[in-house]
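Participant: Take a look at the letters that make up each chain.
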Amino acid sequence: MIFEVAIADRVRTVSVVRKGALLHVALDGRMHIVDARRIDESSLSMLVQSGAEGTPVRSLDASVATQAVAGDFDVHVAGRTVPVQVRQAGSFGRQSKGGTGAHGAGPQRVTSPMPGKIVRVLVKAGDQVTARQGLVVVEAMKMENELRAARDGRVRELSVTEGQSVDAGTVLLVVE
Amino acid sequence: MKKVLIANRGEIAVRVIRACRDMGLHAVAIYSECDRAALHVRLADEAWPVGPSAPRESYLRIDKIIEVARQSGADAVHPGYGFLAENADFAAACRDAGLIFIGPSPEAITLMGSKTAARQAAINAGVPVVPGSDEPIAEQAPDAEVLKVAERIGYPLMLKAVAGGGGKGMRMVAAPADLPGALRAARSEALSAFGDGAVYLERRILSPRHIEVQLLGDHHGTVLPFVERECSIQRRHQKVVEESPSLAVSPEVRRRMTTAAAAVAKSVGYTNAGTIEFLLDGDGSFYFLEMNTRLQVEHPITEMVTGVDLVQWQIRIARGERLTLDPESLLTPRAHAIECRIYAEDPENGFLPSPGRIQGLRVPQGPGVRDDSGAYQGGEVPIFYDPMISKLITWGDTRDHALQRMRRALSEYEVRGIRTTLPFFKWILEDVDFKAGRFDTSFIDRKLGSNGATTLQGIAPEHEDLAAIAAVVHLFTTPPATAATVAHVPSRWRDAGRVDALR
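So the protein sequences, as listed, match chains A and B.
One rule links them: number in our numbering = place in the first sequence (from 1) + 28.
One rule links them: number in our numbering = place in the second sequence (from 1) + 124.
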């Protein structure tokens, strides 16, 4: 099977096939031999060899947590929490390049990171905004949090109003 | 005393339940709507609902809590910290209902809860205070009047809520021009947090350390101070890392500071657990800041270096027992302990709150590690309350030993499904100034400011590769029946996964 994995602003192509008890994982053409054991429904123990026979085998515990958007995960591995987006092969290519998150060059979908209430909308549809400009203020856990533009652009699809309650992952507006 | 009602939630309710268990006492929990399945409810002997999720309608409802105490047959109430812990009306309502309040008297709470009255108490006990306004500044006082008081004290200064705590209603003012804006903000914050918009002014001590002294006082006139806690590592005036003892406190300063703390508590007839906070200057002079009339969040580090169970002693004191602890041993740390407060906040994203379901949890274990937590796998972090989910404490023979254990414990700690401040602590513990003990109360804000745009975790391409491999292996090996619930993946590759699994 072939997947595309987007992390930060880079898309990696990853293929995986089973060879006996082992998995052969090719990441952008480089082969990793993985002995994977399931610990529970979201955790794995992986022994990973990333080169010819004789190279060290790394022992890695890896766990995933699902996010509000389908196909998005937090992967916990090597003491770090890495947000990843996994799609079937070809998916990212069909969209405007990198148009899936705040880091790429495409539209930025500003989503609410938590359930809360919209206390202020600081822009109107059609407004020109600059990077780090405040867009919407969401109140949750007794704190007001200002969501900001990741880059320069124009506000499109403003879909919330002040006073409205939103769930985690709700798209509030799009900056293009 | 046989049955204790715990008027709180989260990790501190769990902590108090454990102390009750250790003493053979029954523990009664209360819970709001969203806390039905919270850990403190699950661990208690009895649990009673007290209302909807909003604190005002549940954990702050004095009438309902007293009613539950009566119905359950509890004979004592422990308030924990936060919520009603420093509410004199609650302590009085317990007393009026014939319940033992495990804490100080309502009179002591009222007196020390007013920052200006507490300052006066310190002055009367001969303890130095930071120069500032002697009287509270009324909510309606015009700017011109406040500017006049500020002139006398001198800039930079701190503007603080009289009823304040936890950094709310607090502002730094560098120059007269900033005062009106800061005054508006502090008053409105104080009004919404404490229902009291009165503020006062204090001169700002440059590069101070925040050092505090734990006390226990019994009902027979004995007040005993403990070795100090170092609480300078703060973010937006909220403590995030604490340790004991402090590198900045010499035995001579410790002697003077703990004696001063005990003198203040004695002068107001203080009983049960309390903490006196000081600012420590670079030259060893210290100033009384305020008294917290409750158990502190960071009490475990004191327990770790002295071997004293503070919550158990709170209960024993409330039962009328005499303090039989050896005063010298309380001032002689037997280890070094450090605590990290783990919050459901995303440090990579401006510390945005991150409530939600804890999908997975791996808690560190092994020598020198303690985790005081209200979290469990499958549990929810609600949006209504303080986002602290646990306190991780480590101890060792020396500071380095304790820090090394903290690094190890943090590397084992995993909270999945929500973002937490764990990466933030890993980052602090690698900081060269932190390691050397060179810091003051502005340390975190300064370090975060100079960190710029880079992530705290330092995710390298190699880590991204491993994450990509792990994500793909996870999807590839997930049994098809659970794939839908685990991954919420688009249907086409769920189907592909099924096909592959059948091969």
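In short, the hints are calculated from the structure, not lab data.
Glycine is no exception: its CB is placed at the ideal position from the N, C-alpha and C atoms.
Hints may contain errors.
[Stated by the list, open to error] Simulated DEER-style distance windows between Cβ atoms: (1) A/ALA178 <-> B/ASP258: 34 to 42 Å; (2) A/LEU75 <-> B/ARG531: 21 to 29 Å; (3) B/ARG531 <-> A/PRO84: 19 to 27 Å; (4) B/GLY490 <-> A/GLY197: 30 to 38 Å; (5) A/GLY197 <-> B/ASP524: 24 to 32 Å; (6) B/TYR500 <-> A/ARG46: 51 to 59 Å; (7) B/ASP524 <-> A/ALA178: 39 to 47 Å; (8) B/ARG308 <-> A/SER73: 24 to 32 Å.
Participant: Indicate, hint by hint, whether the structure satisfies it.
Facilitator: Evaluated hints:
1. Restraint check, A/ALA178 to B/ASP258: a C-beta distance of roughly 50 Å breaks the suggested window 34 to 42 Å.
2. Checked against the hint of 21 to 29 Å, the pair A/LEU75 and B/ARG531 passes, with Cβ atoms roughly 24 Å apart.
3. One distance hint, 19 to 27 Å for the beta-carbon pair B/ARG531 and A/PRO84, holds here, with the actual separation near 23 Å.
4. A hinted range of 30 to 38 Å holds for the C-beta pair B/GLY490 and A/GLY197, which are about 37 Å apart.
5. Here the CB-CB span from A/GLY197 to B/ASP524 is close to 43 Å, at odds with the stated 24 to 32 Å.
6. In this structure, B/TYR500 and A/ARG46 break the distance hint of 51 to 59 Å, their C-beta atoms being roughly 35 Å apart.
7. Checked against the given bound of 39 to 47 Å, the beta carbons of B/ASP524 and A/ALA178, roughly 41 Å apart, stay inside it.
8. Checked against the given bound of 24 to 32 Å, the beta carbons of B/ARG308 and A/SER73, roughly 56 Å apart, lie outside it.
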